[in-house]
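Sequence order for the protein chains is E and R. Quick note: the first sequence, position 77, residue 77 per my numbering, numbers continuous. Quick note: the second sequence, position 52, residue 52 per my numbering, numbers continuous.
Simulated from the structure, these hints should not be mistaken for lab results. Hints may be right or wrong, so weigh each one.
To be verified - Examples of chain R residues lying across from chain E (beta carbon under 10 Å, computed):
| id | residue |
| --- | --- |
| 1 | 35 |
| 2 | 57 |
| 3 | 70 |
What the hints assert, rightly or not - Taking lysine-lysine and the DSSO-like style, the derived pairs with C-alpha atoms no more than 30 Å apart in a straight line are:
| id | chain 1 | residue 1 | chain 2 | residue 2 |
| --- | --- | --- | --- | --- |
| 4 | R | 56 | E | 57 |
| 5 | R | 68 | E | 83 |
| 6 | R | 68 | R | 101 |
| 7 | R | 67 | R | 101 |
| 8 | R | 67 | R | 56 |
| 9 | R | 101 | R | 36 |
| 10 | E | 57 | R | 101 |
| 11 | E | 9 | E | 57 |
| 12 | E | 70 | R | 36 |
| 13 | R | 36 | E | 9 |
| 14 | R | 36 | E | 57 |
| 15 | R | 68 | E | 71 |
| 16 | R | 56 | E | 9 |
| 17 | E | 71 | R | 36 |
| 18 | R | 101 | E | 70 |
| 19 | E | 83 | E | 9 |
Glycine is no exception: its CB is placed at the ideal position from the N, C-alpha and C atoms.
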Amino acid sequence: DGGITQSPKYLFRKEGQNVTLSCEQNLNHDAMYWYRQDPGQGLRLIYYSQIVNDFQKGDIAEGYSVSREKKESFPLTVTSAQKNPTAFYLCASSPQGTQLAFFGQGTRLTVV
Amino acid sequence: GEDVEQSLFLSVREGDSSVINCTYTDSSSTYLYWYKQEPGAGLQLLTYIFSNMDMKQDQRLTVLLNKKDKHLSLRIADTQTGDSAIYFCAESLPNAGNNRKLIWGLGTSLAVNP
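Construct the complete structure from the given sequences, taking the supplied hints into account.
This is the structure in structure tokens:
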């Protein structure tokens, strides 16, 4: 089945450690996105990529990094520089030229 | 400016119609979207409407767009308990480099009471 897969669903990390969230899609979509969702704040864009080997910062990129070495994959690293990393992270993809975003099931990251 | 606003909560009885409202400020939007998020899950695209349309119907869902007032609504007919979720409104706006971006509302939490 075609879709977008995020793993793991739940992730616990100690403060000061970097952690990488996985996002894979087999929809052949060109564009991929990472959002952060906090209670009462809706979705905030962290990074996006329109094409392989290229990505741009979103509204809250500080403390995060991404790579886009393959069309199917867009991993997000939450670094120790991110001041408040505990949140629900959503990955999405869309076909080129559209904003029809298809979302993964999310990863809930808890930093203790 | 770029802003999408929604009321935060809506409570309805099972079988009634639900109407979720959204207002936006940027008139250059081309498409407007409704997404549904169930607890602990990702967002699911429900429906969308092109900005030159007034209405779109898809089974129990009706989208109304008043471009003059920059007002979008989602009507769910015969609301069921399975419709309980958060509903997000989003508009598509031009971005740098011939790209577009989505501006999201904060979501409306719909509670359906039996």
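Verification of the hints:
no., hint, in the structure
1, 35, "holds, 8 Å"
2, 57, "violated, 19 Å"
3, 70, "violated, 18 Å"
4, 56(R) <-> 57(E), "violated, 34 Å"
5, 68(R) <-> 83(E), "violated, 42 Å"
6, 68(R) <-> 101(R), "holds, 22 Å"
7, 67(R) <-> 101(R), "holds, 19 Å"
8, 67(R) <-> 56(R), "holds, 14 Å"
9, 101(R) <-> 36(R), "holds, 19 Å"
10, 57(E) <-> 101(R), "holds, 12 Å"
11, 9(E) <-> 57(E), "holds, 24 Å"
12, 70(E) <-> 36(R), "holds, 29 Å"
13, 36(R) <-> 9(E), "holds, 19 Å"
14, 36(R) <-> 57(E), "holds, 26 Å"
15, 68(R) <-> 71(E), "violated, 40 Å"
16, 56(R) <-> 9(E), "violated, 35 Å"
17, 71(E) <-> 36(R), "holds, 26 Å"
18, 101(R) <-> 70(E), "holds, 22 Å"
19, 83(E) <-> 9(E), "holds, 22 Å"
This entry does not satisfy hints 2, 3, 4, 5, 15, 16, going by the numbered hints stated previously.
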